[in-house]
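Chemist: Chains G and P, in that order, are what the protein sequence lines are.
Numbering of the first sequence is given in our numbering, commencing with residue 33 and proceeding in unit increments.
Numbering of the second sequence is given in our numbering, commencing with residue 33 and proceeding in unit increments.
Because the hints were derived from the structure by calculation, they are not lab data.
Where a beta carbon is used, it is the ideal one built from N, C-alpha and C, also for glycine.
Keep in mind that the hints are not guaranteed to be accurate.
[What the hints assert, rightly or not] In the DSS-like style, the derived pairs of lysine-lysine whose C-alpha atoms are separated by at most 25 angstroms in a straight line are: (1) P/Lys702 with G/Lys346; (2) G/Lys328 with G/Lys279; (3) P/Lys288 with P/Lys318; (4) G/Lys269 with G/Lys328; (5) P/Lys221 with P/Lys634; (6) G/Lys702 with P/Lys346; (7) P/Lys269 with P/Lys317; (8) G/Lys393 with G/Lys634; (9) G/Lys702 with G/Lys686; (10) P/Lys634 with P/Lys686; (11) G/Lys515 with P/Lys515; (12) G/Lys686 with P/Lys393; (13) G/Lys346 with P/Lys221; (14) P/Lys317 with P/Lys328; (15) G/Lys702 with G/Lys346; (16) G/Lys393 with P/Lys686; (17) G/Lys686 with P/Lys686; (18) P/Lys719 with P/Lys702; (19) G/Lys719 with G/Lys702; (20) G/Lys317 with G/Lys279; (21) P/Lys328 with P/Lys279.
[Stated by the list, open to error] To spell it out: a stretch of chain G is covered by chain P in this simulated footprint if at least three of its residues, at any positions, have a beta carbon under 8 angstroms from a beta carbon of chain P; those stretches are: (22) 353 to 361; (23) 688 to 694.
Number of protein chains: 2
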Amino acid sequence: MILSALLTSVGINLGLCLLFFTLYSILRKQPGNVSVYAPRLLQEHRSQQPQHSPRTVQFYLDRILPSAGWIRTAWNLSEDDLLALSGLDAVVFMRIFVFSLKVFTIATITGILILLPINYLGTQLSDDFYDLPNKSLDSFSISNVDNGSNWLWVHFSAAYIFTAVVCWLLYYEYDYISSRRISCFYSSKPLPHQFTILVRGIPATSGRSFSEVVESFFTEFHPSTYLSHTVVTRTNKIRGIITDVQKLCRRLAHLKSNNHSQHFRREGFLGLFGRKVNLLRDYEKKLEDLENNLRKEQFSSAGEQVPAAFVSFKSRFGAAIALHIQQGINPTQWVTEQAPDPLDVHWPFFSASFIRRWISKLVVIVACAALTILFLIPVVLAQGLANLDQLETWFPFLKRILSLTVVSQLITGYLPSLILKLFLYFVPPMMIMLSSMQGYISLRQIEKSACIKVLSFTVWNIFFANVLSGSALYRVNVFLEPKNIPRVLAEAVPSQASFFISYVVTSGWTGLAYELVQLVHLFCCFVSRLFAREKSDEFEVPSIPYHSEIPTILFFVLVGVTYFFLAPLILPFLLVYFCLGFIILRNQLLNVYAPKYETNGKFWPIVHNSTIFSLILMHVIAIGVFGLKKLPLASSLTIPLPILTLVFNEYCRKRFLPIFQAYPTECLVKKDNEEQNEQSMSEFFNKLVNVYQDPALMPVQYTGSSDSQNSPLLHSQV
Amino acid sequence: MILSALLTSVGINLGLCLLFFTLYSILRKQPGNVSVYAPRLLQEHRSQQPQHSPRTVQFYLDRILPSAGWIRTAWNLSEDDLLALSGLDAVVFMRIFVFSLKVFTIATITGILILLPINYLGTQLSDDFYDLPNKSLDSFSISNVDNGSNWLWVHFSAAYIFTAVVCWLLYYEYDYISSRRISCFYSSKPLPHQFTILVRGIPATSGRSFSEVVESFFTEFHPSTYLSHTVVTRTNKIRGIITDVQKLCRRLAHLKSNNHSQHFRREGFLGLFGRKVNLLRDYEKKLEDLENNLRKEQFSSAGEQVPAAFVSFKSRFGAAIALHIQQGINPTQWVTEQAPDPLDVHWPFFSASFIRRWISKLVVIVACAALTILFLIPVVLAQGLANLDQLETWFPFLKRILSLTVVSQLITGYLPSLILKLFLYFVPPMMIMLSSMQGYISLRQIEKSACIKVLSFTVWNIFFANVLSGSALYRVNVFLEPKNIPRVLAEAVPSQASFFISYVVTSGWTGLAYELVQLVHLFCCFVSRLFAREKSDEFEVPSIPYHSEIPTILFFVLVGVTYFFLAPLILPFLLVYFCLGFIILRNQLLNVYAPKYETNGKFWPIVHNSTIFSLILMHVIAIGVFGLKKLPLASSLTIPLPILTLVFNEYCRKRFLPIFQAYPTECLVKKDNEEQNEQSMSEFFNKLVNVYQDPALMPVQYTGSSDSQNSPLLHSQV
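Here chain G stands alone, though its shape is the one from the complex (with noise of 0.2 angstroms):
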């Protein structure tokens, strides 16, 4: 890639990424667009004047003229607003772009002032000095300095200074973000899942129900803390019912609210023959039916215990007991977990022993090492399948289309790309289902799980396989001879510069772009706007998708530490996407997302470690590239430098990892002890003995005969 052309791309999507700006700033505007973009604002705004519609706002001129106040309100929101408003995680997700910021602020001054000049005064790669606009881009990255030049000492002394930049502003992350933790413990509410653990593996004793072995275990070897119990059910068959059920009463409320001639309907064929059937009155027969069934269900299904139970404590500590020290003699059994949060649970996968869990574990993480290795395989095929020719033989009568050059050119360009596209579109729900398929029992374990799952595949089926352009199985094979690594990665990732270039560039920038107005959600809207014979005020507000989100920023500073000394021209592009993404995002956060479940900010820590990785693969890079400069001693004075960050890597696992897995002895008991005389604490406790309770469970109330259709046909009572 050529300078000139570099510009033209990054003028073209500079100028998409103001287009859509543009767009959201009038688009916003517009009333029947709250529910895509201020979604959030909307329902707290329906919470204090139910009856008020928003709708009914009158025309102004302002409201087609664009401007620019969301991104004043984005910027003056401080942190604790956003703790308040959204809660620790996405204060942590916040805190990656500032951490990102602060890095690439100083690598980029660094590479710009100092490393980009070198390099191109560099004479490896070419002589002509004053061609700027038809230079190569790889005269600026490092492969134009000359092959045991000195000025390479400089790169070295870059990489040495920038790891201990990165390292140091880390543990400054670190610490502030655990004390922000334990600061959010001491302030928050008493919740149920702090007093409850979940048990699995209760050992079955014949003649006892589940329910009685745990009540005389925990009575008998946690007697002063022990508060109650609830033992899972198996509900999958009682889930189905309900299904139906749900499924049962729209149909009916759908019925309800049309005309009278559609209640009839004929029997036979297609409904054209046959007597007429009173549709309203089958109906409801049938759903009645069903609910006696479901009751039914729900009363046997008691038996159907699954050996597992929720137990509650009196007390935090009482709870982090029972949690932290092995319970039965076999370690197979009793088996004790940080019970989630009642709303959080993910009921449907209770497997029953140690060993199926264990088991599908195995199986897990087996499937997504295949899913990752040889991603691109089946994702090749499809594109090989789409191409000119194939197209033309299965479509014959797209022939002329076809035949056109623009037509012709926009396919070979764009379909490889968009099959690639759909593909990747897939992975974050694909892991989502692995991850839940893994035994996790809540829902924000699952999505920090398939958080890393997801990291790791756009690793190796975006940079790796990039970079070492070849199959799937010659990637493995480089990894499987650790001695060629550097050597390899030296030679191929400095030719890929340009391509991560543009990449930043089409996919950062204009991927913020399209999270900012939604197009998606936006075309939806408009869809169903124009085809329901009737306006539905209903909508869900989002949570933000952490699983697919983290790994996408994560994945741009590991391209930004990798190239930082290779070919710093990337990194004001990275810096102009961390700056729109810090802006855009927590307007987002602002205005769209709402928080569904807390980890408490849990996500740090797989930062931290994607950061250390890229630093890793920088280094070894680094060892690679000076070795082919011909500066073997730099290359050799390379290796402590990723000893040192492993070892400090292990230095903070040791000091702040603890941190974000459970609460010290200290905080719990001082907790426990400041709430101790509160007269709420008794209600609390009332309500906790019922708090884990399956859903599916629940008396399931009916209400046919409301005419309302915002009241929710199907209450549970949670």
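Starting from the structure of chain G, add chain P where the hints point.
Modeler: Below, chain P alone, put in the same frame as chain G:
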């Protein structure tokens, strides 16, 4: 090596062993050797009848006749007796032999009856079927099977079946030993270390001593269970003074027991000139000074406290709670670990801060790895220096002796291996030293850690150094290219079969015979009796050096497992080794070694992991061998075997390892409740308060006036 040579070597070593056994059965009956062959019995005897000396036994003819009674006694010893005599560690130690005997009985039957004939009938190496005595040992190994022969599938199935059998036996043993561990815990008396934890990283608070900080922390956060604490003090200086005092005391006692003329010595050069001095008075004065100094130091050092303390609790469960839950908000402060037995504490090393301990741990790991990997380099250098020519140039007067063929052959043949043995002799103490620098605070932890170090050292420097003959760096290189490992090992390992057979015979069998006869100890005893002016009745009952014994046995297991299907000829020799070992070490545990401290079976996980490693090594070699033998299908079909083994190991880790790390709530609470109402407990708690005192801080009692030499000169009231 040809068969006849092997048989000669076996014959010689068998003869040696029989000679040693005969010698032992005679020597052990001599009353003068009781302190060598039955120090344990002697000690028990003395503690029962302190005045009776066994030396007065009269001479019987029976004393010079060899007998085999000791074998019967050793054989008849039941496991429960052994448990009562030497604790669970000895039982676990003997279980290694039982396990190995089971494994190698099955292996020998399969190997000799099925695999050996198949190997021998192959024609790859030679067609001369009938010249048995001159047959190379390689004809009995897998190398002799024809390339691509279908007979190799028998080896393939043997590998699968053998792995399954070993895994099953491993599971059974793990299960058995963990249940033993639990039952030992239930039957134990209350021990101080069960109620105590060691807390390190006590935060320094201005204006308050560590003792006050500990007191306030534990009374705040563990009000119901906290009992008392003892802050550790730095005692290096005091230790030095005590050593001086002890030395002086010994000299004084010696002086007093001798005749009066020696009490005077001239002051000047070499005691030849100058005025006469009364040594006795001189020494006594010095001793007094030292003791004053000591008392002063002991008094002042109360202020020099280390931020570490032994904290005792009123119940085992209370101690477990403080042990397992992170105490302070900063995980590097209030770091808890299980306290060792008071007598087992390794006092000298209580380094101050978390980070210093952590760094010293890292340094030791690096040093240990360097020692293991690079050990052979100094050995080879020393061997090179000590060859014939070098000796002749250094010691010209030896020229005539060295020119004798016998001497020169002896030197060239034995000197290098002697040097290797000498170096090897220092490895276990060196590993103990490294482990004690690693920051472990109990001797048993040090020994366990040294055991792992010695084991990996042995595997690397005996197995891999012999198999991959070449420089240490070459060997490291092999393991840096994981893809090539199976091929390289498959080429190298089978050809070393004859070396390992002779290794088993010489090092294994003869080593056990040496262990039985205790030649070095016997010689020392003899010399001391010969030269000592008077007979000293003092002796120490040794404890079995697990850190050097267990690795030796496990190394033979490794050799047996890896050579099982490559060269089954090795198996009968190993079987003999384990039979001998079973009898001899039982005998030694019965008569010689007394348990010094108890880990309650914590050595077993090392045995388990080492066996798993042996299996994996065997599988890797199998993959390579089937590849080399042109049977790629078998090679690929072997790949699941190591994976399945690792999965099995992972399951065992989950199922059994936690039991070896800490006791579960169930045991702790039951045991606590059992003892709650016992009267002896209040007495025990009273003692517990003061039991964790550094012996260096105890008041020293000087017994210079006593004439008895047996009474200890320095009393430390522990």
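Chemist: Taking the hints in turn, state whether each one holds.
Modeler: Hints, verified against the model:
1. The hinted pair formed by P/Lys702 and G/Lys346 meets the criterion: a straight-line CA distance of about 22 angstroms does not exceed 25 angstroms.
2. Between the alpha carbons of G/Lys328 and G/Lys279 the distance comes to roughly 20 angstroms, so the proposed pair stays at or under 25 angstroms and holds.
3. At roughly 16 angstroms between alpha-carbon atoms, P/Lys288 and P/Lys318 fall within 25 angstroms of each other, so this suggested pair holds.
4. Between G/Lys269 and G/Lys328, the direct Cα distance comes to roughly 11 angstroms. Compliance with the 25 angstroms bound is thereby established for this hinted pair.
5. In summary, the hint linking P/Lys221 to P/Lys634 is supported, as the alpha carbons are separated by about 19 angstroms, within the 25 angstroms threshold.
6. Under the criterion of a C-alpha separation no larger than 25 angstroms, the hint pairing G/Lys702 with P/Lys346 is consistent with the structure, at around 22 angstroms.
7. A distance of roughly 21 angstroms separates the Cα atoms of P/Lys269 and P/Lys317; the hinted pair therefore holds under the 25 angstroms criterion.
8. This hinted pair checks out: G/Lys393 and G/Lys634 have alpha carbons roughly 21 angstroms apart, not beyond 25 angstroms.
9. Between G/Lys702 and G/Lys686, the direct Cα distance comes to roughly 23 angstroms. Compliance with the 25 angstroms bound is thereby established for this hinted pair.
10. Annotation: proposed proximity of P/Lys634 to P/Lys686 holds, straight-line Cα distance about 16 angstroms (limit 25 angstroms).
11. As the CA atoms of G/Lys515 and P/Lys515 are separated by approximately 11 angstroms, the hinted pair is consistent with the 25 angstroms bound.
12. Between G/Lys686 and P/Lys393 the CA atoms are separated by roughly 13 angstroms; this keeps the pair inside 25 angstroms, and the hint holds.
13. Among the hinted pairs, G/Lys346 with P/Lys221 is inconsistent with the structure: their alpha-carbon atoms are about 33 angstroms apart, more than 25 angstroms.
14. Taken as a hint, the P/Lys317 and P/Lys328 pair is honoured in the structure, with Cα atoms around 17 angstroms apart against an allowance of 25 angstroms.
15. A hinted pair counts as satisfied when its Cα atoms are at most 25 angstroms apart, and G/Lys702 with G/Lys346 qualifies at roughly 14 angstroms.
16. A C-alpha spacing of about 13 angstroms is found between G/Lys393 and P/Lys686, which places the hinted pair at or below 25 angstroms, so the restraint holds.
17. Our distance criterion of 25 angstroms between C-alpha atoms is met by G/Lys686 and P/Lys686, whose separation comes to about 23 angstroms.
18. In summary, the hint linking P/Lys719 to P/Lys702 is supported, as the alpha carbons are separated by about 23 angstroms, within the 25 angstroms threshold.
19. The suggested pairing of G/Lys719 with G/Lys702 holds, with an alpha-carbon distance near 23 angstroms, which does not exceed 25 angstroms.
20. With a C-alpha separation of about 14 angstroms, the suggested pairing of G/Lys317 with G/Lys279 holds against the 25 angstroms cut-off.
21. A hinted pair counts as satisfied when its Cα atoms are at most 25 angstroms apart, and P/Lys328 with P/Lys279 qualifies at roughly 20 angstroms.
22. Under a criterion of three residues with beta carbons nearer than 8 angstroms to beta carbons of chain P, the stated coverage of the stretch 353 to 361 of chain G is upheld, 8 such residues being counted.
23. As drawn, the stretch 688 to 694 of chain G meets chain P at 5 residues by the rule of a beta-carbon pair under 8 angstroms; at three or more, the given contact holds.
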